[in-house]
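Undergrad: Residue strings, one per chain:
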Amino acid sequence: MNQEKFYYDNKIPRLFAIACIFWGTVGMLLGVIAAFQLAFPVLNFSEYMPYLTFGRLRPVHTNAVIFAFVGNGIFTAVYYAIPRLLKTPMWNRALSLIHFWGWQFIIVCAAVTLLMGYTTGKEYAELEWPIDILITIIWVVFGINMFGTIFTRRERHLYVAIWFFIASWVTVAMLHIVNSFEIPVSFMKSYSWYAGVQDALVQWWYGHNAVAFFLTTPYLGLMYYFLPKAADRPVYSYRLSIVHFWSLIFLYIWAGPHHLLYTALPDWAQSVGTAFSIMLILPSWGGMLNGLFTLRGAWDKVREDPVLKFFVVAVTCYGMSTFEGPMLSLKNVNAISHYSDWTVAHVHIGALGWNGFMTFGMMYWLIPKLFNAKLYSRKLASAHFWIGTLGILLYAIPMYWSAFRSYFMMKAFTPSGQLEYEFIDVVQTVVPFYVIRAVGGTIFLIGVFLMIYNLIKTAQSGDFVESEEASAAPLVKEYTAPKNSIWHSLIERKPLLLLVLSLIVVGIGGLVELIPTFLVKENIPTIASVKPYTPLELQGRDIYIREGCYNCHSQMIRPFRYEVTRYGEYSKAGEFVYDHPFQWGSKRTGPDLARIGKKYGDSWHFNHMLEPTSMAPGSIMPSYPSMYENTIDKVSTNSKIHAMRKMGVPYPDGYEAIANQDLEKQAMQITKGLKENKIEIASDKEIIALIAYLQRIGTDIKLEPKK
Amino acid sequence: MKFSTYLTQISGVSIYPIISLSMFVVFFVLMIFWMYRLPKKEIERIENLPFDDKK
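Protein sequences appear in the order of chains Z and R.
Heads up: the first sequence begins at 1 in this note's numbering, then just goes up one per residue.
Heads up: the second sequence begins at 708 in this note's numbering, then just goes up one per residue.
Don't take each hint at face value.
Said to hold, decoys possible - Listing some non-contacts, in silico: residues in chain R with all C-beta distances to chain Z over 10 Å:
(1) Ser729
(2) Leu745
(3) Leu756
Claimed, not checked - Beta-carbon label-pair distances, calculated as ranges:
(4) R:Lys748 to Z:Leu289: 22 to 28 Å
(5) R:Val733 to Z:Phe40: 56 to 62 Å
(6) R:Lys748 to Z:Trp101: 41 to 47 Å
(7) Z:Ile446 to R:Ser729: 52 to 58 Å
(8) Z:Phe449 to R:Ser727: 48 to 54 Å
(9) Z:Met327 to R:Asp760: 50 to 56 Å
Stated by the list, open to error - Straight-line alpha carbon distances no greater than 30 Å define the calculated DSSO-like cross-link-like pairs of lysine-lysine that follow:
(10) Z:Lys457 to Z:Lys331
(11) Z:Lys587 to R:Lys748
(12) Z:Lys646 to Z:Lys685
(13) Z:Lys457 to R:Lys748
(14) R:Lys748 to Z:Lys379
(15) Z:Lys678 to R:Lys747
(16) Z:Lys646 to Z:Lys11
(17) Z:Lys702 to Z:Lys331
(18) R:Lys748 to Z:Lys229
(19) R:Lys747 to Z:Lys531
(20) R:Lys747 to Z:Lys301
(21) Z:Lys572 to Z:Lys11
(22) Z:Lys411 to Z:Lys374
(23) R:Lys747 to Z:Lys494
(24) Z:Lys494 to Z:Lys587
(25) R:Lys747 to Z:Lys229
None of these hints come from the bench; they were simulated from the model.
For glycine and all other residues, C-beta sits at the position ideal for the given N, C-alpha and C.
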């Protein structure tokens, strides 16, 4: 057969690898800063500028690690592995470059806009609508390039790593589009199309599957390629990898509601989430064992080779967090873990251990290959391995400890039936754990610097191989599958069919969960006394979203005695019907705010936002002095009310024209009340709007006539 | 809130869980069947695809 000569381009994988390491360092550094902020509020620098407060920094950290560090890691693997597995160069070099620079541009836009306070207020999907559109375009460019490569391949069979890449691509596209339905209000402001319970369900269907299809499945593709390469032996069981793939994507998509246990989400959806999460143990552990068993007979190499060391711990961490995840989905365990540092520990076992170590292993293997050199120092790489492992432990253990400690303190009652501890007591006892955690993160980051030095030295000692020559025969047009492989020939050789099947498989889960919540009205019983926000409250709510208050405060009281006693009546689904977006939050570094309205006077909030410790000694909340200088953006009131009504919030027709009059009237009332408490402030300052919003939260239900 | 209350209003709803269960079972049975039908030689070739660039 005539062999065709072609070249693998190494420049694109090199670009992505550099970007991956660079953004990884930035993302982790921001994480370390955010971690120290929780222990030392002065590091928020909020007296000097509003841009670096925890509420704004933490989304930059999470987005940077997920989409910049892991994202570029995925693309490094895809652009290196796919051409070699399919025996063809990437389809289009221009598209590769557009993909690379487009993605980096998105990252820069994301970092800048998030720090400036442009956010949708939905976790891991904080980016505003123009960036959402940009992401869609670049994702499609990536898809076209990947499928172009697949269609021009010289190898009929798609290796399992490629399946994982295809399923990840199509599912991330679906998740991103569905969760990003939003109605633009201005250039950098939009409201989520969904409200309250529905918004929460869509968001966590997205949020959970972002973990599944951005942090997990593409990295499993990476594992199935680079682990056998590094161990120099094929994967333990290719058959198992087939089962792993289909069952994993089948089950994963259903598990999202486990993020909303004991919330106002309908019970049936919570149960579905739990059931599928438990089932997920099987495929996850199948995959983990497949990875570990690949090293059968090669364990001696693990002692020597830093690449394999990283891979072994990465796959082990994958196994640990995929066991922990289902356990956290049990309602009784979730009662402890939800809103606590346990969740933070759980995701960092995944992010530092699985994604981090997988990436480091890949880099230590790949960079010497790309530069045709030997790794500069194995010793240094081993040192990185031990430092990284220590970092993970020092990060996770204090978080687990802190979670249980705060749980037991939160639910402690005195014999006479009073809560034993104030919220601030709990905060104070966990601050030391925050310090240790931050040290753990710092140690992990030091390891990364060792790697950077090691890899630069390696690159300097070799010569970059711009392209590698290879040859293979083209695919025969008329191909008859060998006997006995009918099923196999049906799917595995047909990338489009694989794409469509994956989409159907993941689509079913989404539809079954989402549609009933939208269609069955009774799922969200309406409460007559719940009314839309006033214009001033709406502006205040947008300030609440801008400052990322949801990063530390939930607005969802679960039906437990210790929560109802502490915060007030538990939250009902019908209370959130006008919340575009929902602000239930996922972590309580500060107390829940679902019933904060009218709990304190306006002057309390005024003093508290200016200097939290003046009202709550020992508080670790940043201060917000800029809210006392910035004026309320009244120009936007009109389009905000208009957008809300378009989504079904019952403001009267033509109300947008007179909304600002109501806004000013309510603001005047608040300033008048403050004046009685000897506080002088102009009524057009942002703090007034925020106070109006805070005083409204959770109060409507109290107007409900007693039955 | 009980979801079953709303489900009972759909006529013939009792068939739904049976259908979905059979879909699951059929899907996985087919997959496992397919997996075992894969000829060993074929598997060996595919699982060695990552090493083709060495040749």
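Undergrad: Does each hint fit the structure? Answer for all of them.
TA: Structure-based check of all given hints:
no., hint, verdict
1, Ser729, "holds (14 Å)"
2, Leu745, "violated (5 Å)"
3, Leu756, "violated (4 Å)"
4, R:Lys748 to Z:Leu289: 22 to 28 Å, "holds (24 Å)"
5, R:Val733 to Z:Phe40: 56 to 62 Å, "holds (58 Å)"
6, R:Lys748 to Z:Trp101: 41 to 47 Å, "holds (44 Å)"
7, Z:Ile446 to R:Ser729: 52 to 58 Å, "holds (55 Å)"
8, Z:Phe449 to R:Ser727: 48 to 54 Å, "holds (52 Å)"
9, Z:Met327 to R:Asp760: 50 to 56 Å, "violated (41 Å)"
10, Z:Lys457 to Z:Lys331, "violated (50 Å)"
11, Z:Lys587 to R:Lys748, "violated (52 Å)"
12, Z:Lys646 to Z:Lys685, "holds (28 Å)"
13, Z:Lys457 to R:Lys748, "violated (43 Å)"
14, R:Lys748 to Z:Lys379, "violated (40 Å)"
15, Z:Lys678 to R:Lys747, "violated (85 Å)"
16, Z:Lys646 to Z:Lys11, "violated (48 Å)"
17, Z:Lys702 to Z:Lys331, "holds (29 Å)"
18, R:Lys748 to Z:Lys229, "holds (20 Å)"
19, R:Lys747 to Z:Lys531, "violated (66 Å)"
20, R:Lys747 to Z:Lys301, "holds (28 Å)"
21, Z:Lys572 to Z:Lys11, "violated (55 Å)"
22, Z:Lys411 to Z:Lys374, "violated (57 Å)"
23, R:Lys747 to Z:Lys494, "holds (20 Å)"
24, Z:Lys494 to Z:Lys587, "violated (44 Å)"
25, R:Lys747 to Z:Lys229, "holds (21 Å)"
The structure fails to meet hints 2, 3, 9, 10, 11, 13, 14, 15, 16, 19, 21, 22 and 24 from the earlier list, while all remaining hints are met.
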